[in-house]
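Sequences listed follow chains S and U, in order. In case it helps, the working numbering puts the first sequence at residues 302 to 638. In case it helps, the working numbering puts the second sequence at residues 16 to 342.
Hints listed in this document are in silico derivations from the structure and should not be mistaken for laboratory results. All figures in this text were calculated on a predicted structure; none of them were measured in a lab. Each residue gets a CB set at the ideal place from its N, CA and C atoms; glycine is no exception. Any given hint could be a false lead.
Claimed, not checked - Derived lysine-lysine pairs resembling BS3-like cross-links, with alpha carbons at most 27 Å apart: (1) S/Lys-416 / U/Lys-327; (2) S/Lys-416 / U/Lys-48; (3) U/Lys-289 / U/Lys-48; (4) S/Lys-354 / U/Lys-179.
What the hints assert, rightly or not - Label pairs and their computed distance ranges (CB to CB): (5) U/Gln-329 / S/Ala-529: 45 to 55 Å; (6) S/Ala-526 / U/Lys-179: 44 to 54 Å; (7) S/Asp-590 / U/Glu-332: 28 to 38 Å; (8) U/Arg-148 / S/Ala-594: 53 to 63 Å; (9) S/Glu-534 / U/Glu-332: 49 to 59 Å; (10) S/Ala-435 / U/Tyr-268: 55 to 65 Å; (11) U/Gly-214 / S/Gly-382: 23 to 33 Å; (12) S/Ile-366 / U/Phe-194: 30 to 40 Å; (13) S/Asp-329 / U/Leu-266: 54 to 64 Å; (14) S/Gln-436 / U/Thr-336: 31 to 41 Å; (15) S/Gly-351 / U/Tyr-268: 28 to 38 Å.
Listed below are the residues making up each chain.
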Amino acid sequence: MSQPTSDERTLSYVMAFNEAVRQSMRADENVFCAGEDIGAFGGVFGTFGGLQKEFGSRRVVDTPISEQAIIGLGVGSSVTGLRPIVDLMFMDFMCVALDQIVNQTAKLKYMFGGKATLPLTITTAGGAGLSAAAQHSQSLEAILCHIPGLKVVYPSNPYDMKGLMVSCIRENNPTVMVKHKRLLGMSGPVPEDIYSVPLGVANILRPGTDVTVVSWGRMANESLAAAAVLADEGIDCEVIDPRTLQPFDTATVVASARKTNRIIVVHEAVRFGGLGAEIAAQVQEEAFDYLDAPVARIGAPFSPVPFSPALEKYYVPDAASIAVGIRDVLGRRAPGK
Amino acid sequence: MEPTPDVLRDLHRRMVRIRLFEEAAGKLAEAAKLPGFLHLYVGEEAVAAGVCVNLTNADSITSTHRGHGHLVAKGGQFRPMMAELMGKATGYCNGKGGSMHISSLELGMLGANGIVGAGSPIAVGAAFTHKYRDDGNVAVAFFGDGATNIGAFHEAANMACALKLPIVFACENNEYGEFTRRDATMAITDIVDRAQGYGMPGVIVDGMDAVAVCEAAAEAIAYARAGHGPTLVEAKTYRFYNHHGVQNLGLKYRPDSEVEVWKQRDPIFTLEAKLADVGVLTTEQCEAVWVELRADIADAIAFAEDSPLPNKDQILEDVYTPMAVAQ
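Excised from the complex, chain S in its bound form:
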């Protein structure tokens, strides 16, 4: 895993996405983009900014507000040989198109006895933190990970964003690339040349010895912040970002759990039935004898995402609440308590 060096150029998370698309479109005439407001406007988060100017409306297509047809456009064009990137403006909107995602995109290859190939990338923006309320803030990755036939990617930083997006576009299977809305402006080193980060390979963001923290997207950054606070208390956290949620890099997580003997999963999605439950089950199946504490989980409470900032800040886990959870796993108290 090559890591960025300090003398490299920095780029925002959103522009890392944009650059991955741009360079992939330059490299492969079969790549095109379609979605709501992505052409002339450049996407509501600027994700597709400037692409229509470079590639024209043939390859950067403004669609009607029609999520089923947008995914269908991706299915039909990919199965006939193109390499589409189709955008769902908000992750919540995937619910409008679930038939096309779950019953068509994910299953066509299998139903056709393997004879279909769908090099389709679905991009979307997930996560809370903008007071966007219950229909524009969800983290629905667990639903996608439950569907055989899909791959699900959720980068936590600009470097991974570009490399993972390039991999998604090159992938000969349907992938869902989830961008976290609160990370769009995050800046970090991103090489200018095109590169890929392999799907299905976790990244150890911070090596440590006392406890394993598994987290992705924005929460990986909050977990790193929690780890920094806990380091001052003498707690050495190993923070693992799976980066790809389906397929999931169980081996890296299990190896870490066997080393640290304690593990906590942190996600922004609702805790009940979230991916944390699956990871906890896998860890206890493969590392039960190594564990000194039950596998812990942090997630959102079992409610829709509230609108008011006064409520949303408690709804979404942050570095402070994650630190509390990690101390619990270790049976430790906060300093001065």
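Position chain U relative to chain S; hints supplied.
Frame of chain S; chain U shown alone:
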């Protein structure tokens, strides 16, 4: 434009192939030799044949849960079709799709579909590819009257018109959405009324008249190939058998007299009378086609019955395409 004698003979052959395949499948299902659901196309042959006789393998179609007829009309072979219906490893989908997902990408048949209305957005995607590549090919979305009530159809029709894609929306209006009369589920009589709302031409054609379907489809397909965009073709037709299977199970939802009236208009016999009239095929020559194709059906059934079942290790195959090289 009146079809040439060659096209007329081709139409007839495609329709007889569909009829024989479906009758055989129905008998096998009644004998409990086919697992799963079976939606037969008998009665509607003129639509699939009339449209597909104007297409090549490079053109794309999407189909419905009643999809065998579309695959046969697009050139589907009996052996892998019958094997697929039996869940055999030699089927078009290696036994993983069955009747409701039967497909052949080499023939441009992008799948029967178990979800009503779901094929149209996929056809839009195929039409996008044809326009993107400027390859002169078109997509045809087959769907029923009931599918025009679901949102996916609306989204697909609107998007296809907005993007001016080379696609034909071929509606098989058989007057029933599953077991419910069409007039109970929509306040219009003609599906084609919906075309205007999307900004595309719409045409009604007698779906029991293969020549009429062929002519209307030829015009719509030529319009799409020429870059003018979509057309909605509504073929008024009828299915002779039940929504699924052959027998009417449960409560009767269609009067016998209605079924009989439509059966009097059997599209194959109608075409055969016309072929004899214009001297393209005599009654004896038509009969020879049936005899020849019945032998093919018998061969396909024997092939399918003798074919191996898929191995349980294949459950996990074909979920994903393996990546050839590490990235």
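Sort out whether U/Lys-327 lies within 27 Å of S/Lys-416, counting only the CA atoms.
Within the cut-off at roughly 19 Å; holds.
Hinted pair, alpha-carbon criterion (27 Å max): S/Lys-416, U/Lys-48. Please report holds or violated.
OK: S/Lys-416 and U/Lys-48 at ~26 Å, within 27 Å.
Should the hint that S/Gly-351 and U/Tyr-268 are 28 to 38 Å apart at their CB atoms be regarded as holding?
violated, 57 Å
Distance restraint hint 31 to 41 Å, applied to the beta-carbon atoms of S/Gln-436 and U/Thr-336
At 34 Å between Cβs, range holds.
Falls inside 55 to 65 Å, the C-beta gap from S/Ala-435 to U/Tyr-268?
Check failed, 41 Å falls outside 55 to 65 Å.
Checking one constraint from the list: CA of S/Lys-354 to CA of U/Lys-179, max 27 Å. Satisfied?
Within the cut-off at roughly 21 Å; holds.
Taking 23 to 33 Å as the hint, is the beta-carbon distance of U/Gly-214 and S/Gly-382 inside that range?
holds, 28 Å
Take the C-beta atom of U/Arg-148 and the C-beta atom of S/Ala-594, compute their distance, and say whether it sits inside 53 to 63 Å.
holds, 58 Å
Between S/Asp-329 and U/Leu-266, does the beta-carbon spacing fit 54 to 64 Å?
Given a distance of about 56 Å, which is inside 54 to 64 Å, the answer is holds.
Okay, S/Asp-590 versus U/Glu-332 on CB: inside 28 to 38 Å?
holds, 34 Å
Assuming the hint says 49 to 59 Å, is it satisfied by the Cβ distance from S/Glu-534 to U/Glu-332 or not?
holds, 50 Å
S/Ala-526 versus U/Lys-179 beta-carbon gap, inside 44 to 54 Å or not
Holds: the Cβ-Cβ distance is about 51 Å, inside 44 to 54 Å.
The structure fails hints 3, 10 and 15 (numbered hints given earlier, in ascending order).
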